[in-house]
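Peer 1: Now for the letters of each chain:
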Amino acid sequence: MPTLDDRVRPHSQVVDTKLDEGEVVLLHLESKMYYSLNPTGEQIWQGLKEGLSLREISRRLQEEFDVNERNADRSVLDLINELCEQNLALSDTKSS
Amino acid sequence: MNNSPRPELLLHCAKTCLEAEEAGQIKSLVEKDIEWTYLVETALAHGVMPLLYRSLHAACPNAVPKEILEQLRDHFYANAARNLFLTKELLKLLHLLEAHKILAIPYKGPILAAFIYGNLALREFGDLDILVQERDYQRAQYLLIRQGFRPTVEHEWEAEFTDESGRVAVDLHRRITPREFPSLLKLDYLSKRLKPVALAGTIVATLCPEDTLLMLSIQVTKDRYLQLKKICDIAELVVHQRLNWAQALKEAKSLGGQRMMLFALCLTSNLLGAALPQEVVHELRFHTSIHELVEHAAEQLFHRGDHTVHDQLTSQRFYWLVRERLRDKLYPYYLRYVHDVIAPNELDRRLLPLPRRISFLYYFIRPVRLIGKYALLLLRRVYDFRGITIYRHMTKKTVVVSAGSEHESHS
Numbered sequence: 001m002p003t004l005d006d007r008v009r010p011h012s013q014v015v016d017t018k019l020d021e022g023e024v025v026l027l028h029l030e031s032k033m034y035y036s037l038n039p040t041g042e043q044i045w046q047g048l049k050e051g052l053s054l055r056e057i058s059r060r061l062q063e064e065f066d067v068n069e070r071n072a073d074r075s076v077l078d079l080i081n082e083l084c085e086q087n088l089a090l091s092d093t094k095s096s
Numbered sequence: 001m002n003n004s005p006r007p008e009l010l011l012h013c014a015k016t017c018l019e020a021e022e023a024g025q026i027k028s029l030v031e032k033d034i035e036w037t038y039l040v041e042t043a044l045a046h047g048v049m050p051l052l053y054r055s056l057h058a059a060c061p062n063a064v065p066k067e068i069l070e071q072l073r074d075h076f077y078a079n080a081a082r083n084l085f086l087t088k089e090l091l092k093l094l095h096l097l098e099a100h101k102i103l104a105i106p107y108k109g110p111i112l113a114a115f116i117y118g119n120l121a122l123r124e125f126g127d128l129d130i131l132v133q134e135r136d137y138q139r140a141q142y143l144l145i146r147q148g149f150r151p152t153v154e155h156e157w158e159a160e161f162t163d164e165s166g167r168v169a170v171d172l173h174r175r176i177t178p179r180e181f182p183s184l185l186k187l188d189y190l191s192k193r194l195k196p197v198a199l200a201g202t203i204v205a206t207l208c209p210e211d212t213l214l215m216l217s218i219q220v221t222k223d224r225y226l227q228l229k230k231i232c233d234i235a236e237l238v239v240h241q242r243l244n245w246a247q248a249l250k251e252a253k254s255l256g257g258q259r260m261m262l263f264a265l266c267l268t269s270n271l272l273g274a275a276l277p278q279e280v281v282h283e284l285r286f287h288t289s290i291h292e293l294v295e296h297a298a299e300q301l302f303h304r305g306d307h308t309v310h311d312q313l314t315s316q317r318f319y320w321l322v323r324e325r326l327r328d329k330l331y332p333y334y335l336r337y338v339h340d341v342i343a344p345n346e347l348d349r350r351l352l353p354l355p356r357r358i359s360f361l362y363y364f365i366r367p368v369r370l371i372g373k374y375a376l377l378l379l380r381r382v383y384d385f386r387g388i389t390i391y392r393h394m395t396k397k398t399v400v401v402s403a404g405s406e407h408e409s410h411s
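Here the protein sequences line up with chains A and B, keeping their order.
Residue 63 in this note's numbering sits at position 63 of the first sequence; the count goes up by one each step and never skips.
Residue 178 in this note's numbering sits at position 178 of the second sequence; the count goes up by one each step and never skips.
By construction, these hints were calculated from the structure, which means they are not laboratory data.
These numbers were taken from a predicted model, which means no experiment stands behind them.
Heads up, a few of these hints could be off.
[Said to hold, decoys possible] The calculated lysine to aspartate or glutamate pairs, modelled on EDC-like cross-linking and capped at a C-alpha distance of 16 Å, are:
#, chain 1, residue 1, chain 2, residue 2
1, B, Lys229, B, Glu70
2, B, Lys32, B, Glu70
3, A, Lys32, B, Glu164
4, B, Lys373, B, Asp348
5, B, Lys92, A, Glu64
6, A, Lys32, B, Glu8
7, B, Lys88, A, Asp5
[Claimed, not checked] Okay, the calculated beta carbon distance ranges per label pair:
#, chain 1, residue 1, chain 2, residue 2, range
8, B, Thr202, A, Thr3, 31 to 39 Å
9, B, Gly126, A, Asp66, 48 to 56 Å
10, B, Glu98, A, Lys49, 19 to 27 Å
11, A, Asn81, B, Gln278, 37 to 45 Å
12, B, Asp188, A, Asp5, 53 to 61 Å
13, A, Glu56, B, Gly201, 20 to 28 Å
14, B, Phe286, A, Lys49, 37 to 45 Å
15, A, Glu56, B, Thr202, 54 to 62 Å
16, A, Asn71, B, Tyr189, 43 to 51 Å
17, B, Gln278, A, Asp66, 26 to 34 Å
18, B, Pro196, A, Asp66, 35 to 43 Å
19, A, Asn81, B, Ala99, 49 to 57 Å
20, B, Pro367, A, Leu29, 52 to 60 Å
[Unchecked claim] Footprint (simulated), chain A over chain B, 3 or more residues, beta carbon under 8 Å:
#, segment
21, 114-128
22, 228-242
Using N, Cα and C, we set each Cβ at its ideal position, and we do this for glycine too.
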């Protein structure tokens with residue numbers, strides 16, 4: 001399970017397209033399954049694409065949204081776990 | 001014939017930019033007695049489900065029945081995912097053709113979504129259109145087949161392919177249109193003024209806005225069953241792209257397509273309220289009969305007739321009025337048939353293979369073959385009381401609509 005100091009990157013077979021109001025649709029090209037993320041999820045996904053650590057992503061969420069550190073950290077870790085479970089993202093710690 | 005009323009709510013929703021006034025009109029229409037099933041079916045048939053969802057969601061989400069909004073939303077996400085998938089497939093094919101030094105220009109489908117609508121999710125498309133030069137046409141077909149694509153239908157201007165999974169349909173063009181439309185719409189002509197656009201993180205070259213307008217105008221004119229989506233394409237192009245109108249009208253005129261362009265623009269204005277530039281308004285003064293065609297097309301858009309004689313006659317008259325050069329007025333319905341009777345075809349060549357230098361003899365062989373063929377048919381009809389049944393074999397293109405099967409939302 002990734003921690004806040006880990007770096008997690010999007011799976012190379014996942015593509016995305018932004019929708020209105022900050023939403024994003026992710027499509028796994030191998031499984032042909034698609035997922036949607038709400039604006040908070042989109043921020044986290046964007047952070048992964050930029051190569052930020054999970055802690056940096058959480059800090060960005062705290063600046064963007066009215067959320068305390070504890071909740072932001074939990075949101076990031078919850079989503080990252082889901083993304084890794086669905087093979088949409090890979091933890092660098094795990095893969096190395 | 002279906003006599004349902006013009007779906008005003010759908011027309012108000014079929015655009016990407018909603019002004020406050022428009023949003024207010026949508027809200028007041030929703031508060032009336034809306035036939036939601038008819039609305040959704042019409043939006044589906046006309047390829048404008050993403051725009052319907054987006055506008056309703058933006059203008060008055062709480063006034064729309066919950067199950068309808070959910071249905072539209074599911075379709076919206078599925079369409080976005082499917083478009084993303086097809087766009088990646090398009091980019092793969094473009095790389096393949098580029099690797100074999102084939103100049104290939106994508107247009108319609110993902111290009112229109114990204115270039116005109118500004119978002120891949122907002123337009124529906126079913127196939128990928130790629131234009132190549134005449135000299136590369138056979139080689140490009142071969143490459144597609146080698147990639148696992150199967151040819152499904154071939155026309156004289158394009159060949160249609162489907163991949164093994166049935167998910168990806170490709171229309172490979174050597175010309176944008178059939179021969180009865182502007183013949184110069186080939187890549188050699190269009191490539192002089194291509195425009196780079198960003199497509200899923202990659203820059204690709206496509207038709208410039210003026211050529212895109214002409215291409216879309218021809219689509220709107222030639223389609224027997226016109227979809228509102230194609231009119232939306234023109235409206236979005238006019239709103240979001242800066243066009244050189246004088247150049248667009250001049251080029252269209254030189255190709256014999258100016259009246260088609262005026263017709264398409266006028267129809268867009270009639271249905272979606274798109275403002276027409278001064279140059280177009282000025283030119284329309286010299287083509288007053290276009291207004292009659294526009295009224296007719298706007299009326300017919302949501303009333304799909306069957307193949308009756310009356311319908312055929314109407315479309316003959318339509319083509320006569322919408323084309324500007326005499327040869328173009330005559331060709332689709334008259335000269336084309338004469339040409340088809342006179343010009344030798346593959347059957348003549350198969351009957352007697354001749355060297356190229358004496359291939360003119362086919363013009364003499366063909367009438368003999370046809371006389372023989374019809375005489376034989378006549379004899380059979382006389383002697384065989386059971387008659388002859390001719391089975392016309394048609395190939396129907398099948399496209400699997402869904403790219404994904406699971407949809408999860410993180411909240």
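Peer 1: With reference to the structure, classify each hint as holding or not holding.
Peer 2: Results of checking the hints against the structure:
no.	hint	verdict
1	Lys229/B / Glu70/B	22 Å, violated
2	Lys32/B / Glu70/B	20 Å, violated
3	Lys32/A / Glu164/B	15 Å, holds
4	Lys373/B / Asp348/B	12 Å, holds
5	Lys92/B / Glu64/A	37 Å, violated
6	Lys32/A / Glu8/B	36 Å, violated
7	Lys88/B / Asp5/A	33 Å, violated
8	Thr202/B / Thr3/A: 31 to 39 Å	35 Å, holds
9	Gly126/B / Asp66/A: 48 to 56 Å	43 Å, violated
10	Glu98/B / Lys49/A: 19 to 27 Å	26 Å, holds
11	Asn81/A / Gln278/B: 37 to 45 Å	59 Å, violated
12	Asp188/B / Asp5/A: 53 to 61 Å	58 Å, holds
13	Glu56/A / Gly201/B: 20 to 28 Å	23 Å, holds
14	Phe286/B / Lys49/A: 37 to 45 Å	54 Å, violated
15	Glu56/A / Thr202/B: 54 to 62 Å	28 Å, violated
16	Asn71/A / Tyr189/B: 43 to 51 Å	60 Å, violated
17	Gln278/B / Asp66/A: 26 to 34 Å	50 Å, violated
18	Pro196/B / Asp66/A: 35 to 43 Å	41 Å, holds
19	Asn81/A / Ala99/B: 49 to 57 Å	40 Å, violated
20	Pro367/B / Leu29/A: 52 to 60 Å	56 Å, holds
21	114-128	holds (count 3)
22	228-242	violated (count 0)
Violated hints, in rising order: 1, 2, 5, 6, 7, 9, 11, 14, 15, 16, 17, 19 and 22; the structure is consistent with all others.
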